[in-house]
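Novice: Top to bottom, those sequences are chains W and S.
To convert, note that position 356 of the first sequence is 357 in this note's numbering; the numbers rise steadily by one, no gaps.
To convert, note that position 99 of the second sequence is 143 in this note's numbering; the numbers rise steadily by one, no gaps.
Everything labelled a hint here was simulated from the structure, so no lab data went into it.
Bear in mind the structure is a predicted one, so any value in this text is a computation, not a measurement.
A portion of the hints provided could be inaccurate.
Stated by the list, open to error - The calculated lysine to aspartate or glutamate pairs, modelled on EDC-like cross-linking and capped at a C-alpha distance of 20 Å, are: (1) Lys42/W - Asp158/W; (2) Lys322/W - Asp133/S; (3) Lys322/W - Glu83/S; (4) Lys372/W - Asp135/S; (5) Lys1109/W - Asp1098/W; (6) Lys715/W - Glu984/W; (7) Lys715/W - Glu841/W; (8) Lys656/W - Glu628/W; (9) Lys1009/W - Glu984/W; (10) Lys372/W - Glu83/S; (11) Lys92/S - Asp371/W; (12) Lys715/W - Glu762/W.
Listed below, chain by chain, are the residues.
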Amino acid sequence: MSSQAVTITYAGPLVFLSTDHWKQIYASLLSQLPLRNLHWKSSARNALRSIQELDVKLVALETLRDDHAASQVPQTVLDKPLLNMYIFICEDSESYRVNNRKHIKEWHASVSQRKNQEWLIVHVVRPDQNVAQGRLFQMKASVLDKVKADFNADKKDRCVQLVWSAEKDSPAVWADLVTKVKDGILSAFDGALKQREDEVKRSEGQRQMPGWNFCTFFILKESVANSLEGMNLYEDSLQQYFELEEIFSQVLREKNLSWFGTLITPTPNDDSAPLLSVDKKPYRDLILANTISVFDFRIYLLSRECALLGKMGDMEELCRKAASFLSTFARTLREVENTLAPFFIESWIYSSALSVVDQSEDWARTLQLDKPALASFNAAKGELVELARHQLDILGIAAGFLPNKPPFSLALPSFINLADKSPRNRRASMDLTITRPELLSSLVDADALYDQYVSITNRAIDLYVTAGRRKFALKMHGSLAALDVHRDRLGNALQTFTSLPAHYSPHGWTSLEAFMLNRALDIHASTEKTKDREWIHILLHFLRAYVDGMGRDLLMSEEDSKVYVEGLVASLKDAAQEMDSDIPSPDHTVLSVSLPFRDATLAESRDGALLGIVVQNKLPCALPVDEVEVQLGGRDNTKITFTVKVASLAPGLNKLTAFCPSSAPGTYALFSTQITMSRLLFQWKHTKTAKQIRAGNLPTLVHIPKDHCALDVKLKQPPRIELGIPSRAVVVLSTGRNEVASAVVKLGAPSGVTFKYAETEMIGDDPPPFRTENDCVMFLDIKPGQTVAASIPHSDASAYHYMKVTITVDYVTTSEQAITRTLRLNRMIATSLPVAINVEDFFRGTRLVALPTLFTMFTLSTTSHQHVRVKTTQLSSQSESSGVKVTGCTAQKPSVVTITPVQPGRFLFQMDSIRGQVREGLKLHIMYRMLREEVESLVELAVKEAVAEDADIAPHRQDIVDKLVQSLESSATWVELYGVTGELVPPGVEPSDDQIGKGLRRALEILKQKRTPISFGDWREIVIPVDVPQMHILAAARLQILENPVAEGTTKTERRKRPLYAGQPISALLAVQTSFHWAPLEDKKVESYHMRYEVEDLINDWLVSGRKRGDFTARVSHLHRDGETLTVPVTLIALHHGELALPKISVTALPIIAGGEHRMRSSVVPGCDTHQVHGAEKVLVLPRGGRTTFVVNMGNNDAINPL
Amino acid sequence: MPSPLKLNAPSHLIRTFAQGQDELKYHYIAHTSLDVIDERNAAAIASKSTDCYMNLLYTMEDVAVYGYMTPLKMKIIIALALTDSVVRDADVLTIFRALHTAYRHAVANPFLRLDAPIDGHNDHATVLLAGSPKWKRKAVGAFSLAA
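Can you make the complete structure from the sequences, with help from the hints?
Specialist: Laid out in structure tokens, this is it:
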């Protein structure tokens, strides 16, 4: 029926039709078929319909006539020919008139009367005739024109000429004819269809009238659909069926079903027949006879639709439609289930679904489906196969081969009555059975059912997997596993159930995850396998899913689950004990630990801190655990751990207090928590990444207060620092309330610095016994309240200003011998000195150069911004017999020198040496302290005094000190006053009315008193070794202006009487005296040095005349080792008037000439220090004023007399 | 569900309004629907369609499953009892729109967030996780609105 094709009739003169020529033409015409690219513009439809390809049947007109219009049943419009062709051949118009015209007329008369049929006259000419005709063109009309004139009455051109010969056969020859044929077919089809559709519309309009028959209507409408299908217009055809379906459902709703038979009249094999076969039953006859059942009718409708969909290549829609139909119609069938064979519906769905899959695969074989289409086709097929599988579920449950519980029972329709289905309950009156063989065998043989079940399920899985539907496949796997459980193949089932949760958990499908895990646990229990590590993991996952909320829904009732979980938890505890190694379980959700308080409290009676924690147990039952542990992280990766032992955690919130024996004060961030259950460790990490913190997700902070009574350790610089010997650090350990049995102190310093524990020295009275090891020092038996100080030398750390030392103290108290407490602190210790010291030496002679003394100036400046208070400086020789006598130049007043960054302190010492003695090194002792230290100790003292007066304020002592120090830090206005008077007035302190305020007021009073800084506090000391300088030659140079240039010898005391004028020569005497008093002892043998003096050029002030530069020899006098004096007269001319300084004289020692006894020191330049004796002298030079007259004596011998 | 990690996580409780039904079945339905939604999504992206309504996803036994995805990729799935009569898309779409509106109202409710942990402060799906009684009431309300 579906192989409908458009029919075209042909006719022609019998003579012509019997020629070979016609046969050739006919063959050529057939080769032009099928027609391609037809464009149908229908008046009833909006869009232009394109027909890619249309099959055309060519038949002779005579053969057709007989069976035409025999039936009343509307056939398709294509039953009748759409186009009639008359083909003739004719040489010229004459022969046309004689031979053909009559025939054509007869034909035309018969054909043109037919409704909805087109006609076409084809005039065949040979190509050569065409040329001949062209010649005659103007003389007479062609045959074609004549034909047109005879028959073509209306506008439409229905005559065509075919210029054809066997030699010239090409599509171009046919083009004109083919176009005409297409036009003719389409116009005839359009007319016919329009007429038919009008009929349909009319019939549909009469629906409410009595006597209207749906079946008749259906046939009518279907003929439209068939016609469209015949024209290859599948979509339009399908639309007709959709409309039919719509109308059917309307009719169904109106219950106007009188013309239908029963819902279903089951015939054998109904349940196992292929669904999509349209000819498995004589459907059309049944419809015509009004005896078709709804069942058959629906199937017929569906199969027609599917056939069309198949032709369109829409496989996905086909399968989906079938599946949807099976499901929906099955529901309808259930209503009359009692009248059907047992399991008829299941069998029908099963067979139909599978047959649809087979059929669609068959159809799809010819199609080229692209990837997404193939995937969705596979998915649709998968759904069908799954539908079939569900029927097996139902059958299995009904037959008792499968348990009536999930997942098998999922397939059961909600209203099914299993009792009816049971084979034992089979109705005796019914001897109908289903006919699907494999289902029949499945009903009696469990293994057959199982095999069938597995193979169908696997088929569905394969289809789903190729379709990319992973989640559907998972579901199928789950059901396979369930079957394995039922068949006691527990190994397989366990494997599946343990692997499935992993697929559900990533997206939070805890409900399904929990279900799978639950199954796994059940199987585990029923197989009585050992509760090993794997079991624990399954259980932990299960509990996680269980507490996530949704997991509970699928399992069981609330009470049951509680008992169930209790049992699980108990066996978890047992299993955890059996384990031989720890099982960490990170971030489990069953338990959670939180810190409700941000402050830890002190344990008071002993060292350590208490931290309140809340553990939430989300299980409905108590969870037996051993210990809860909270780890906090502080600065520099220090970690402290709070622990609390608990037997079990009750459901809900558990408030616990954890204790940490060794806690350093400070702020800590929650680092990690751990709850121990035998070998099972629930762990959580709480550290936050930088990204989380940026997002406002801040870490939990805990503050641990300072315990004043706890053991404490401090690191200090020793009070006396001596340069040149190894540096030391002082460890001060105060026990507080503890009686310490042993305390091991370890110091960790930056790289390169090592502590020499072996050389530890105890400081202070009553030192406790101690032991030193390579890496620590251990103190034993320290009493409560005792403070132990030990100084430990360390290697050179001068590369750092400050050294960061990690102090670790492991100590055991006598009261709690079992606990080793660890105190871990980071302390900074200054390694550099707070002052910098510069030394300058000056040699001066008391009696000119005869006995030069040495003045040494020490400049002390602070290295930081802080003020340093210097109490005394003292330069001392190490022993009495030293050859140096030191005299302090500064008057030793009891005042304290303050060194500030802007104002360094200078300290001058005079040294006299006894010649020829070995001079030992000296030491500079500086007693100093930082201003801050001083003031802090002053505050401490003041507060101590205040506390001593009033015991009530004792507890607030630290607060008062802090407050005062804080106020001193806030502003520097008090410094000046304090520096001058010693009165300390902290700015901005406003005492309150409580105890603190009281103490504060008293302390302020005490601080306000006048005092000298020497009266209180400790001073630090620096000892610096100082070398006594040595100098080979000391020279004293002097330029002296002489009163009288002529006079011999000079006396220093002679006062200059004559004024000096600019431009006039001035006589002067240059004197250089040398001394060897401070020469090194090894220079004893040297007798003379070569020296050079030079007068400084001051070209703007002085002209120097005379021996401006000269070498001389300084001889060592054997008597007192002082050199001689060299005197050289020079003349100076002042270049301008004014107060002028005299030129300086530089004296240098020339290198000692190589050879002789000095060979070893050939390249040595002896040290030489020159003292400008006249360095501070200035002379007044007057301007040369007035007029000067020169009288030139002409031959007279009188002296020149300037006026 | 803005966080990619939580993609396809069940943010709503899965509820059935039929009596005596197996919960597991509906969990399975919701879960497997995601596969189909993904398929439809791929097709929708290919055709540049912006329609939220995903049409009938599939039918299985006695339920028809419909899908809807909001512009923010929140997926709503309805499973209706299968009947022989035609269910019009427009009706299903009305239900979806009502559910979507209810969801929007609920998410916009600042009080729903009070109990949520600070950790997930920009992941609003966590506040809607199943088990919150508030949300349960909401869901019922939404359904009655749609019905």
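Novice: If a hint holds in the structure, say so; if it doesn't, say that too.
Specialist: Verification of the hints:
no., hint, verdict
1, Lys42/W - Asp158/W, "19 Å, holds"
2, Lys322/W - Asp133/S, "16 Å, holds"
3, Lys322/W - Glu83/S, "18 Å, holds"
4, Lys372/W - Asp135/S, "33 Å, violated"
5, Lys1109/W - Asp1098/W, "9 Å, holds"
6, Lys715/W - Glu984/W, "30 Å, violated"
7, Lys715/W - Glu841/W, "39 Å, violated"
8, Lys656/W - Glu628/W, "14 Å, holds"
9, Lys1009/W - Glu984/W, "5 Å, holds"
10, Lys372/W - Glu83/S, "12 Å, holds"
11, Lys92/S - Asp371/W, "19 Å, holds"
12, Lys715/W - Glu762/W, "16 Å, holds"
Violated hints, in rising order: 4, 6, 7; the structure is consistent with all others.
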